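Trainee: Knowing the structure of chain A, use the given hints to seat chains B and C on it.
Chains as they are written, first to last, in the numbering used here: chain A, 1 to 248; chain B, 1001 to 1356; chain C, 2001 to 2179.
Honestly, the hints are just simulated from the structure, not real lab data.
Any given hint could be a false lead.
[Unchecked claim] For lysine to any residue, the following SDA-like pairs were computed, each having C-alpha atoms within a straight-line distance of at most 25 Å:
#, chain 1, residue 1, chain 2, residue 2
1, B, K1273, C, P2087
2, A, K58, B, K1004
3, B, K1004, C, E2116
4, A, K7, A, D42
5, A, K58, B, K1273
[As the list claims (entries may be wrong)] Here are the in silico distance ranges between beta carbons for each label pair:
#, chain 1, residue 1, chain 2, residue 2, range
6, C, L2002, B, E1037, 29 to 39 Å
7, C, S2083, B, K1352, 36 to 46 Å
8, C, K2161, B, E1037, 20 to 30 Å
9, B, I1046, A, Q2, 49 to 59 Å
10, C, L2002, B, E1348, 41 to 51 Å
11, B, H1130, C, N2123, 55 to 65 Å
12, C, L2002, A, G201, 54 to 64 Å
13, A, G201, C, P2124, 46 to 56 Å
14, A, E226, B, I1046, 50 to 60 Å
15, C, K2159, B, E1037, 18 to 28 Å
16, C, L2002, B, A1189, 37 to 47 Å
17, B, R1231, C, P2076, 52 to 62 Å
18, B, P1028, A, Y147, 40 to 50 Å
[Claimed, not checked] Derived list of chain C stretches under chain B, where covered just means 3 residues or more per stretch with a C-beta under 8 Å from a C-beta of chain B:
#, region
19, 2018 to 2025
20, 2028 to 2038
21, 2079 to 2091
All of these numbers come straight from a predicted model, not from anything done at the bench.
Glycine is no exception: its CB is placed at the ideal position from the N, C-alpha and C atoms.
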Amino acid sequence: MQTVFKKTPILTDAVLHYCPGCGHGIVHRLVAEVIEELGIQDRAVAYVPVGCAVFGYKYFNIDCVEAAHGRAPAAATGTKRTDPNRVVFTYQGDGDLASIGAAEIVHAAHRGEKITTIFINNAIYGMTGGQMAPTTLVGQKTTTSPYGRDKDHCGSPIRVAEMLATIEGSAYIERVAVNTPANIIKAKKAIKNAFECQIAGKGFSLVEVLSNCPTNWGMSPVESMEWLEENMIPYYPLGVKKDITKEV
Amino acid sequence: MAKKLMKGCEAVAEAAIQAGCHYFFGYPITPQNDIPEYMSARLPQIGGCFLQAESEVAAINMVYGAAASGARVMTSSSSPGISLKQEGMSYLAGAELPCVVVNMVRGGPGLGSIQPSQGDYFQATRGGGHGDYHPIVLAPSSVQEAVDLMQDAFDLADVYRTPVMILADGIIGQMMEPVEFHESKNTRALPKKDWAATGWDPKSGRARAVVNSLYIEVDELQELNDRLQSRYQVIRDNETKAELYNTDGAEIIVCAYGTVARIVKSAINICEKQGVKVGLFRPITIWPFPEKELSGAMDQASVKKAITVEISAGQMVEDVRLVVNGKKPVEFFGKPGSYTPTAEEIAEYIMKSREA
Amino acid sequence: MLWTNIFAGFGGQGVLLIGQLLAYAGMYEGKNVSWLPSYGPEMRGGTANCSVVVSDEPIASPVLSMADCVIAMNTPSLDKFESCVNPGGKLFINSSIIDKKATRTDIEVYYVPCNEIAEKLENPKVANMAMLGAYLEATKAAKTESVLDALLYKLGEKKAKLIPLNKEAIEAGAASIRK
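In isolation and in its complexed conformation, chain A is listed as follows (with noise of 0.2 Å):
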């Protein structure tokens, strides 16, 4: 019997705990191969949020460290400062990374911190039920923002991978989204990039993954899908926001 698919080894067999259609899984998955790929399993580290993903250690086979909500880029900074071989990567959500961490997120990027970063940009908080997030678009409803997001009462979402790519110390940003095969098949390939730079030593890698919220956005998985296509590809772009890893 030929072998056509196999489940890499760097997941665990534990059972996934997210929603039905929830982009985490792919993007666990794809972290994972990736991982498996670079045969970096022994030196990698992982750092999970405080979020949906909160759970992530459960799932990475991998030595994994839980940090305080939006504090994993100060706290991989400590692993990967004392030991430079190992390979860190912290996995946040928008509420994490783009609300409560965004001074650490900043600073890492600012630092030129050799880490790399998986940003879920899903628009919404979702494990503590729907509220907005910094990333929601204007006129989203959820929990906190009832009627709609008024840019004029909380502003305008923020352009994570734009902000950063601003930042000297940042090597690799690129936004990508994993609501079609094709795009997850680009968003894999973004993953690998930027955890080569890292290996590399060429600075701070991210990349931001649009991703969805069937669950807190009211939607099937598909219509979720079809949602995010429509309205958060047009103002979060797709693309390498910055790569210098190319330059001489």
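Mentor: Structure of chains B and C alone, referenced to chain A:
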């Protein structure tokens, strides 16, 4: 080794390095800046790492990360900065991570002053952050003692997998005194850090490391808390340290820690000249509080009362009252903020209190 | 032997340095010492002071409210610390820039023309050393050689050429209070 005249902050930093701490993450705040400054010069010379974080919050989380990966690591700050570190302290305690945190206490609340204070006693000894935990808290009263305590601070942290705090003040930090650095000696058997997240080879035989303080199931969280509390009991039983000065046959026991304890010694000398025998109880560990040592002094028939002297509104006095437990009067002398009482004022209070 | 001292002056007059030199010298001579500065934003241009204790016995409190000796390098320091001299103690006044006299009669007062001594040596920076010289002459709290050893340690070998000038200033300060 010959004695060197050193500022307390610099001596503490050097002692930490000699105790094997090669990683430091901090943020500037007066009066402890000489620690990060010293570390920034020395650590690169020995292959360590100094990093100035973007905030105290980030600094303590860098400490969390370094500790999670098994490194001997330290941070320092002063009161307002220590408040910012409390979130991280709670996570360090919850994730059972060793580290050393130095607090050169200044006057509060709020931005307060930059002068010495003892207003952070409650915060330090009761935990300071959320949840049921205690860091071990050591309170030196001289530059030499601060140096001598550093090795043990790191060893205690490793043995009990807990944050250890050095609670000093601006006087200890800014004062120069002669110090001697003794050959570093680990007096304790240090456990292997096989729990550290360093990168995992499944063939290595060790379990995959998960450094975590999240226990969503009630039973699992109970297990963590039971483990912490029984560890704290072992610490209470074995790790108290106090100085008893002139207490044998004393009429009054003055309780004071840190810099204030030294001023009390001068006050005791003044009382002695007036024919009154006063003793000093000086806790060196303020958590765990040296209950047996204080009881021993207070239970003497000659002792009529205790007077606690602090630069605070009266914080350690509560621990003293818990130990004395109503058997004898316990009085408080001191002011909150940064007013450091003089030896003459303390002596005057003691003499008046005696007549009352 | 126990000497408690407060050194006070403008930031930049070198009062913290001469206090430190006394502490080093005491330590070199095997005594217990402590040096405690006032610290904070008043470092330059404002007032600076330090408390220095030199003692044969272990030092109880390094924090001084009263002292055996007060060294006042400028008028605000004299105003602030004259009352802090222990009865029978010594007060050193930089008479080059302090134009008033001490009001206490229960202490010994020394008037040291520090800046004039320094100007004669063609280096205004050594006014503090002239004051230290007068202090050492009056108290014998430490030997001049120990102070110079301390100064060499602070300056480093590269600036060792400055030692003779400082020694001259110390000696001139001492001579200025000899009867």
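Trainee: The structure should be examined with respect to each hint, and the outcome stated for every one.
Mentor: Right, here's what the structure says about each hint:
1. B:K1273 - C:P2087: Satisfied, since the Cα-Cα distance of roughly 17 Å is no more than 25 Å.
2. A:K58 - B:K1004: violated, 52 Å
3. B:K1004 - C:E2116: violated, 35 Å
4. A:K7 - A:D42: holds, 19 Å
5. A:K58 - B:K1273: Violated - the C-alpha atoms of K1273 (chain B) and K58 (chain A) are around 69 Å apart, more than 25 Å.
6. C:L2002 - B:E1037: 29 to 39 Å: The hinted range 29 to 39 Å holds for L2002 (chain C) and E1037 (chain B), with Cβ atoms some 33 Å apart.
7. C:S2083 - B:K1352: 36 to 46 Å: violated, 23 Å
8. C:K2161 - B:E1037: 20 to 30 Å: holds, 29 Å
9. B:I1046 - A:Q2: 49 to 59 Å: For I1046 (chain B) and Q2 (chain A) the Cβ distance comes to about 56 Å; the hint holds.
10. C:L2002 - B:E1348: 41 to 51 Å: violated, 21 Å
11. B:H1130 - C:N2123: 55 to 65 Å: Hint holds: Cβ distance 60 Å, inside 55 to 65 Å.
12. C:L2002 - A:G201: 54 to 64 Å: 59 Å Cβ-Cβ, so the 54 to 64 Å window holds.
13. A:G201 - C:P2124: 46 to 56 Å: With a Cβ separation near 53 Å, G201 (chain A) and P2124 (chain C) satisfy 46 to 56 Å, so the hint holds.
14. A:E226 - B:I1046: 50 to 60 Å: holds, 58 Å
15. C:K2159 - B:E1037: 18 to 28 Å: At roughly 22 Å between Cβ atoms, E1037 (chain B) and K2159 (chain C) fall inside 18 to 28 Å, so the hint holds.
16. C:L2002 - B:A1189: 37 to 47 Å: Check passed, 44 Å falls within 37 to 47 Å.
17. B:R1231 - C:P2076: 52 to 62 Å: holds, 55 Å
18. B:P1028 - A:Y147: 40 to 50 Å: holds, 44 Å
19. 2018 to 2025: holds (count 3)
20. 2028 to 2038: holds (count 6)
21. 2079 to 2091: violated (count 0)
Checked against the numbered hints above, the structure breaks hints 2, 3, 5, 7, 10, 21 and satisfies the rest.
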